[in-house]
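Now for the letters of each chain:
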Amino acid sequence: MIYYRDLVWVLVAKELKLRYRNTVLGYAWSVLNPLAFAMVFFVVFKIFMRVPIANYTLFLITGLFPWQWFANTVTSSNYSFLNNSSLIKKVKFPRYFLVIAGVLNDMIHFALSIVVIVAFMIFYHKAPSLNWIVLVPFMVLVQFLLTTGIALAAASCNLFFRDLERMAGILVMLWFYATPVIYSVGMIPPRFLWWTYANPMTPVIMCWRSLFLGDPLSLSYLGAAAAWAVLIFAIGLRIYKSLEWRFAEIV
Amino acid sequence: MSSDAVVRFHEVTKYYPASNIASRGMKHLILHLPRHIAAFSRKKTFCALDGVSFEVPHGECFGIIGRNGSGKSTTLGLIAGVLRPSRGTVETQGKIAPLLELGAGFHAELSGRDNIVLNGILLGLTRARVMEHMDQIIAFSELERFIDQPLRTYSTGMIARLGFSVAVHLEPDILLVDEVLAVGDEAFQEKCLRKMAEFRSQGVTIIFVTHKLTDVEKICDRTMLLMGGRVQQIGNPQEVVREYRKRMAQA
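Protein chains in written order, with this note's numbering: chain A, 318 to 568; chain B, 35 to 285.
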């Protein structure tokens, strides 16, 4: 048990040390990068296209920041095993830790960006509420499971089917526009509403947004998010387990 | 069957898939469609090991020699547990420490010290254990002056020193040595051979793969000659090396 903790620690520490070395702004990039995206979307959708959503900046980042944790991990997970081929060929260690370290790494950057969200909340005269103590860790866990499930599947499958890393960028972009990050669920025509439950990321983003905007949380979204997370984690783990024994042959 | 064997191969056969259709790409698939269909229907595979049986008793230094592609590394992969035999059984007892090929599990941008921690944990030590041995590992590597420099500033010989130093401090029951020593300078190679002799006197089993036949004669108790994935001979190192030289001269 101590060993697994150390393994996670050393792999996450490695990524954190490496990510912003030789940059002047360092960790500020974990916040600057999503903020830059937020600014682009704000200009396009609020100023040019005039979406009728109040407090659009806050609305936007409360969906965008959790989304970026998910998207960054899923995109980079394609290389989790590939970039460690020499290790996989020689050492028997639980390889899924390479994927988990990647998820945790992006999760830490998301945690940093929550500070920015809180700053914007204060600007819009909102305050963090007490239920965060329970619900933020709960939602982190839900999104961790969901992201890990997809990342495990992507990292494993990409070893056998390298087209996946090319497709990943496109798929993640499509998924982004299919998820209510830059628009609200209210703007979706009623006949497409079923889709909000069919897309595993929709309830996750909806829950984060309600939490940060101080709106009452919908129990059905909370339940849907948790159910999707467990299901996708189980599927991802299953795919990883069935392919793992061939990793050393193929890398 | 001796009861004190710590490595036991019984009729081990290992096939690799000859060529993965997906990994070669669509163009290749279409251009060579008839060949792919033929290969698929015949289940064409490459046989790396063919009915290999041997046992290594506790505390022995067991050499494996043979030409490139004769199955030596596959044998080590099977002992390390990163590969699965296609047929037959592989049994091992105790903690196995693979001596990694140059730089595997190391990261060029991290310092020598950080790499010791990373490598030590990946190879199965807890962090506390690595820290306990840190001074010894650094002393053994004789890299005190460079230990806080990033690894990319190291020469290949220095990286090999670091790798060997970590591996010998893992307190393994079985040490796998795969011709990594070749890049170190003469003095360090001597030191490694002395360390291996010391290990042997402590009852550590050593599996030694190398092309330096004089080393095999010097430190191995028994040696196996592999040719084309089959066991050609197992026995006294001098005799096996003589047989190997004879066959090399014929070829």
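Just so you know, the hints here were simulated from the structure itself, not pulled from any lab data. One or more hints might be untrue.
[As the list claims (entries may be wrong)] Computed spacing ranges between beta-carbons, pair by pair:
no.	chain 1	residue 1	chain 2	residue 2	range
1	A	Leu342	B	Gly122	36 to 42 Å
2	B	Ser235	A	Ala428	49 to 55 Å
3	A	Gly486	B	Pro184	29 to 35 Å
4	A	Ile425	B	Gln127	35 to 41 Å
5	A	Ala495	B	Met165	46 to 52 Å
[Stated by the list, open to error] Calculated cross-link-like contacts (lysine to aspartate or glutamate; reagent style DMTMM-like; alpha-carbon spacing at most 20 Å):
no.	chain 1	residue 1	chain 2	residue 2
6	A	Lys409	B	Glu251
7	B	Lys129	A	Asp532
8	A	Lys334	B	Asp207
9	A	Lys331	B	Asp207
10	A	Lys334	B	Asp148
Predicted model, so just to flag it, every value in this text is computed and none were measured. Glycine included, C-beta positions come from ideal geometry on N, C-alpha and C.
Hint check results:
1. A/Leu342 - B/Gly122: 36 to 42 Å: Cβ of A/Leu342 to Cβ of B/Gly122: about 57 Å, so the range 36 to 42 Å is violated.
2. B/Ser235 - A/Ala428: 49 to 55 Å: holds, 52 Å
3. A/Gly486 - B/Pro184: 29 to 35 Å: holds, 31 Å
4. A/Ile425 - B/Gln127: 35 to 41 Å: At 40 Å between Cβs, range holds.
5. A/Ala495 - B/Met165: 46 to 52 Å: holds, 48 Å
6. A/Lys409 - B/Glu251: With Cα atoms ~30 Å apart, A/Lys409 and B/Glu251 exceed 20 Å; violated.
7. B/Lys129 - A/Asp532: violated, 55 Å
8. A/Lys334 - B/Asp207: Violated - the C-alpha atoms of B/Asp207 and A/Lys334 are around 33 Å apart, more than 20 Å.
9. A/Lys331 - B/Asp207: violated, 29 Å
10. A/Lys334 - B/Asp148: With a Cα-Cα distance of about 10 Å, the restraint between A/Lys334 and B/Asp148 holds, given a limit of 20 Å.
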